[in-house]
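S.K.: Protein chains in written order, with the numbering used here: chain A, 55 to 426; chain B, 64 to 405; chain C, 475 to 984.
It should be emphasised that the hints constitute simulated quantities derived from the structure, not laboratory data. A couple of the hints might just be wrong.
Stated by the list, open to error - If you only want the chain C side, here are some residues facing chain A, beta carbon under 10 Å, derived:
id, residue
1, Ser647
2, Gln649
3, His797
4, Pro800
5, Ser802
Beta carbons: idealized from backbone N, C-alpha and C, even for Gly.
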Amino acid sequence: MMRRMLAAALMLGAALLSACSAAGQVEGQAFVVSLAIDRAADGRTVVSAQFPSYGAQKTQSEKGKSDYLVSSGTGDTFEEALYTLGAVVPRALNLTQIKSLLVSEALASSPAFADILRTIKLACRINGDAVLVVVRGEAGAFLAAQKPLIGLRLSDTLVTETDRYERLGTIPRCTLSGAFYAIHSFYGDPVAPLAALAGSGAAAEEPQDAAAGSLPRTGENRDEYFGAALFRGGEMVGRLTGGEMQLLWLILSGRARMTMELAGAMLEVGRIGGLQVRIDLSGEAPRIDVTFEVGVENMHENVDEEGVLREMTDGLGRLTSLCQSLAVDPFGYGRRAAAQFPTVGDWLEYDWRARFARAAVNYHLTLRRINV
Amino acid sequence: MKTELSGQMRGVSLLGGSAIVLRVFSLVAIDAPEAWSASWLSVLLGGLLAAPALLPVLCGRGRAVPGARRMPAAWPGRAACALLGVMSLCDAAFSARLFAALVGYVALTDHSVTALAAPLLACALLACLMGVGALNASAVIWRRAALALAVLTALLQLREMEPGWIMPILGPGWPQIARGALRAAGLTAHMLLGMYLLAGDEPGRLAATLPKAIALCAGAVLLFGLLIPAMPDAPASRLFRIELLADSGRNGFATELIYVLMIFGGTLLVSFELMTAAAALHAVAPRLPAAACVAMCAAALAALAFSGQSGQAQALRATALFYPMSLAAAALASVQPKGEAA
Amino acid sequence: MPEKPDKALLRNRVRRNLAENLAMIRTVMNMPPNGDVVLREFRLKGIAACVVFLDGMAGRDTIDEFILRPCLQRAGETGAEGETLLDWLMQDVLEINGIQPVCLLGELVEAVLSGSAALLVDGADRALALETRAYEKRSVERTQSESVVQGPQEAFVENLKTNVTLVRRIVRSEQLVNESLKVGRRVPTQVAMLYMKGVAREETVALVRRRVNAVEAALCPGSGYLQQMIEDHPYSMFPQMLQTERPDRAAASLCDGQVALFVDGSPYALIAPVSLFHLLHASDDTFMRWQYGTFLRVIRMIGALISLFLPALYVAITTYHTHMIPLSLLTSIAETRARVPFPVIVEILFMEASFYLLNEAGTRIPNQLGSALGIVGALILGQAAVEASIISPILIIVVALTGLGSYSIPDYGVSMGMQLLRLAFVVMAAVWGLYGVCLGIWLLCAYLGWMTSFGAPYLAPVAPRRPHNADILARWPMSAQGRSLFLASRRDWLKNRTRGARKGRSADED
C-alpha cells in the first residue's frame, strides 16, 4: 500500500515537471507590445515587433524603466515574415498582450490587407482588443519611434494615448477584432485611426483640417494620431481629417464633449441623448433622416447658435457625401436598415453599399446650450 | 463510499437545467452556428419541440417510485433506458472533447485534446462515484457563482455589444433555424429524460425546469449574438468558433471569465451525462452495483472520447439523431405494460 | 506484558471483613510501590473502619473536618454495628453532600481514583464513596484561540465539572440534559454529553451516544482523539465536529439543537452535527452590529478563499494565462523573475515549506527564544531570499497574503485542512493552469456535498437547501432571524418574538 502511494506521489511529482520548462515561464517569453506590417518596395511583407527587454542590470535612476527591442522579419507573405521574425527573436513570441497593430497605408490600401487580417485572426493567438492603426508612411519606422515618454511602460502609454485621442474625438475606436468583424459581416465598413510620424506630411493651416503627420506642431513625441482611414471591403479607400472624425463621432456615439471649432468659436460639443434614424427603403435609393440634439458649452463667448447648427449640418453633409462617393458606410446606417429585412439573404440582395452611395441623407439638428 | 443514483428533484433540476443551458449554448455557439444571429430562435423553438420528452411525467408515472425504478421494469422501460444511456454517453464524449479543445486553445496550447479530456473525465468519474447528492451540491454552488460571473462578464462587455447585429431577425432563414432547433431539441429532450431518471421525488418539477433553462440559454445565445456579428464567409470550424467565444475584442480578464464559466459548466455537463448513463445502465441491469455502473460508463466514455470519433463532425452527425431517439425513449418510458401499476 | 492479576478482584463485592477488603485494595492499587494511596484506619467504638483516598486527589482538610472528626467524636452515640452503623454514619454523622454507597470493589477503586474517599466499616458489605475531590486544577481564564473583541472572555478548563457548570450558567433550562458516558477500555475517561431535550433530534442524540459507547480505544487522552474516533469521515481533511473553548458558543449550539461532548481533561467542547459554515463562523459575529458582523464575515470568507486559491492562481496565471494580467504588471513580474533561477512552482513550494516550518517552530519554540524566530523568519522569508535571487518579491506578497488568509479562519482544523488542500491546488495549477484549479474546485464542492456530520449534510443549509436564517455569509439583523437551525427538531423553539418573526405565527406558539 505504501509503495503504491509512493509511486503515485512520484508520478504526481513528475507531472509537475510540465510547469518547469524555462520557455513556459513568464520571463521566457517575448510579449509583443506593438506589431507593424509593411509592404516593402519589392512587394515583400515586413513584420516588425516591439517587445520589452528585462533582466539587464540597471543603475538606481534607471530602475523601474523598461527597455524595448524592435525586431523585424521579411517574407513573401505575412506568414513567412512572421515565421522569420519568430526565428530571430530569442524568446517565444507571445501576441496575447499586443496593444496596437500598425499597418502601413500602402498595405492597407491593397487587397492583401484583408487576407493578412484574416490570417492574423485565424492563425495567430492574438489579442483581439489591440488597436488597429493605419500609418501614413512606414509602419516599422513609426513602431521604432514609439517610446514611453510620460510614464514607465510603453503598453500603458499606447493604451492611454489612444484612449485620450478617442475622447478628443479625433480618432475612431477600432480594434483588430472589430475591423475583422466589419470586413467579414454585412452591416458596414470599419474606420481605423490614422497615425504618422510628425512632419511626414505638409502642415495643415487649420488643425481640424489636418490628418496625422500634418499637424502644425513640434514636440519630443514624434508619433501623431489624428484622423481616420476609411475602408471598403477590407481595403482602405480614403481618409478623414480630425475635424471630420469628430463629426462622425456625433453619429457613432453620444460621448463626452469634444472641442470643436464652429462658427469661429472653440466649443465643447457633444450629442445629447440618442439618435433618431428613420430609413425609408421604399424608393430606388434609400432616404435617411437623422435627428439628434447637440449640446454646446462655451464659457467665454457668445455662441452663434444658428451658425453652429448650420456649420455642423453642412459638415455632416460633406462628410456623408465623401463617404458616399467612396461607397462606404462608417455611420452604422446599414445596421439599422438591416432590421427592415427578414433574412440575411434579402438584405444582401438589397446591396446596401451601392444603394447607400445614392441615398438622400438629411440631418436635423437641434442645439442646446449647457452649463450656462 | 455508497454511490447514490438518485437524488432530490430540486437539486437534480438545477443540475440538469444548468447542463441543458450549457450544452445547447455550446452547440449553437461553437459546433453548429448555422442559424447565425437567429440561433436564439433555434433555442426557443428547440425548447418547444423538446416538450414531448415530458410525456412520462405527464402520464403520471413514478409518483412515489424513486430513481431508476421509475422506469417500468419490462422491456419498454429498459429500451428507453438503453436509448437514453447511449445518447448520454455519446454526448458526454462530444462535450468532453469540445471543452478540452476550448482549454487547449485558450491556455494549454502544448497539450493534445485527448490529454486535456482525461482529467475532465477523471473528475467527472470521481464526482459521480460520490453520488447524485454530491453533484447536486456542486450544482447549487455553481449556480450562485455562475450567475455572478455571468453578470460580471456581461457588464465588462457591455461596451462591445451591438444590438444591430442580431438583425435581420431571421438570420439565414427558417430552414437553418429549424435545423438548429432540431439539434437543440434533441439535446434538451434527452437531458430532460436524464433528469427524470435521476430524480428521486417530485418528477412534476421537471415541467418547470424546461422553460427556465430554455429562457436562460436563449438569453445567453442572444447576448453572444450581440457580441459577435454573423460572418457568412468566416470558418465554421470548432477552433475558430472557440476563438470567437473566448477571445475576440475583449480584455484578457473578460476572456478568462468566459473560460472559467465554460470549464465549470463543462465539468458539470459531463458529470451529469455520465451519471445519467450510469443510472440508465443500472435500470437496464439492476443487479450491477451503482459504483460499477459509473465505472463502466466512465470507461466507455473515455474510450469514445479518446478514439477521435467524437470531434465536431461526428458530434453534428450524431446530435441530428438525438431528437427522434429522445422521442422514442420518451414514448417507451410512458408505456404502461399490462398489469403494472403506475 | 503480564496479565493484569487483579482484574478479577475488581469484580468482587465488598466483604464484611475489613482486613480482607484492605488486602484486596492493596493488591489492586499496587501497594507498597504505589505511595500515594492512603489507608487511614481508625476505630468507631471498637469497630474497625478505614478511609481510603488518593493523596493529592482528595482534599485532606475535607476528610479531616467532615469525615474523621465527626466519626470519631460521635462514635459513642450509637451501639450499631455493620450495615446499621454504616447507615447511621451516612444519615446522621458524615457532613458531606455527595455520598454514594458502593458494593463492588471496582466501583470503590474508580471512586478513589477520581478523587473521592471511600469509607469501609468492618461488618458491612458496602462502602461509602464520599465526595472529597480537591485536586489542583486551572481556574477559568480567558480564551486562547477564540478571542473576541466584544463578548464573553471565559474559556473552558480541563475539569469536566467546571466545564459543565460554565454551560449551565448560561443555559438555565430544565431541558438541558447532562448524560455521563465513559470512554476507554483500560483507562476510563469521563465524558459528558449535553443536549437540550425536545430541541435536539432524538436520532442525533442516539447516534452520538451510540458512537461514543462504541469506541474501543484503551484510553481517550483528549477531545481531539474522541473526535477522530466518532466522526463520519475520519479520513477527511475537514473536521465534522466543532471544537470550541467558549462556553457561550457551546451554549448557543445546544440551543440550536446540536449536541456537546466534554471530555474530562480537555478544555474544549465538541459540537455536532455541524456544517462547514459553522466552522467558518466566529463567535463575535453575533455580538457585533449586523453591519460589522457581515463585513467581517465577508472578509473572513475572502481570507479563506485566498488561503486556498491564491498560490494556485498565481502559478496558473503566470504560467498559462499571462493574457489575464495587464502587460505593465506582467513586465514587472518578468523583470523581478528574470534573475530567479527556479520556475514558479519551485518558488511556491519553497516558500510554502518555509512558511510551514516557521509555523511549526513558532508553536514549539520556548517563550525565551520566541524573538529569535521573528528574526529568522524575517531573514528567510524577507529580504535575504529576494536579494539572493532565490525568490521574486511578488511571491512574498502572495505567501504573506495566503498566510494571513489562513489565520483568519476561526477553526484550526479547517485552517489546517485548507493549508494541505492548497498544495493540491498548486499542483493542479502547475500541471493544467486554471483548468486544473476549476476541476479541483468542482471535485471539492462534490466532496463537501457528499460529506455528512452525524447524518446532517455538510453543506446544508445551502446544499441541500433548507430554510434558514440569513446568517450564512451575510449576518442580517437579529430581528430578522426568527428561525431555529435546521438541525433542531422543533422549528419554533427559540423563535425571536419581535417584528421580524415570521408572519402567520402567533406569539404564544411554542
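S.K.: Now, for every hint given, state plainly whether the structure supports it.
M.R.: Structure-based check of each hint:
no. : hint   : in the structure
1   : Ser647 : violated, 50 Å
2   : Gln649 : violated, 48 Å
3   : His797 : holds, 4 Å
4   : Pro800 : holds, 8 Å
5   : Ser802 : holds, 4 Å
Hint compliance for this structure: hints 1 and 2 are not met, and every other hint is.
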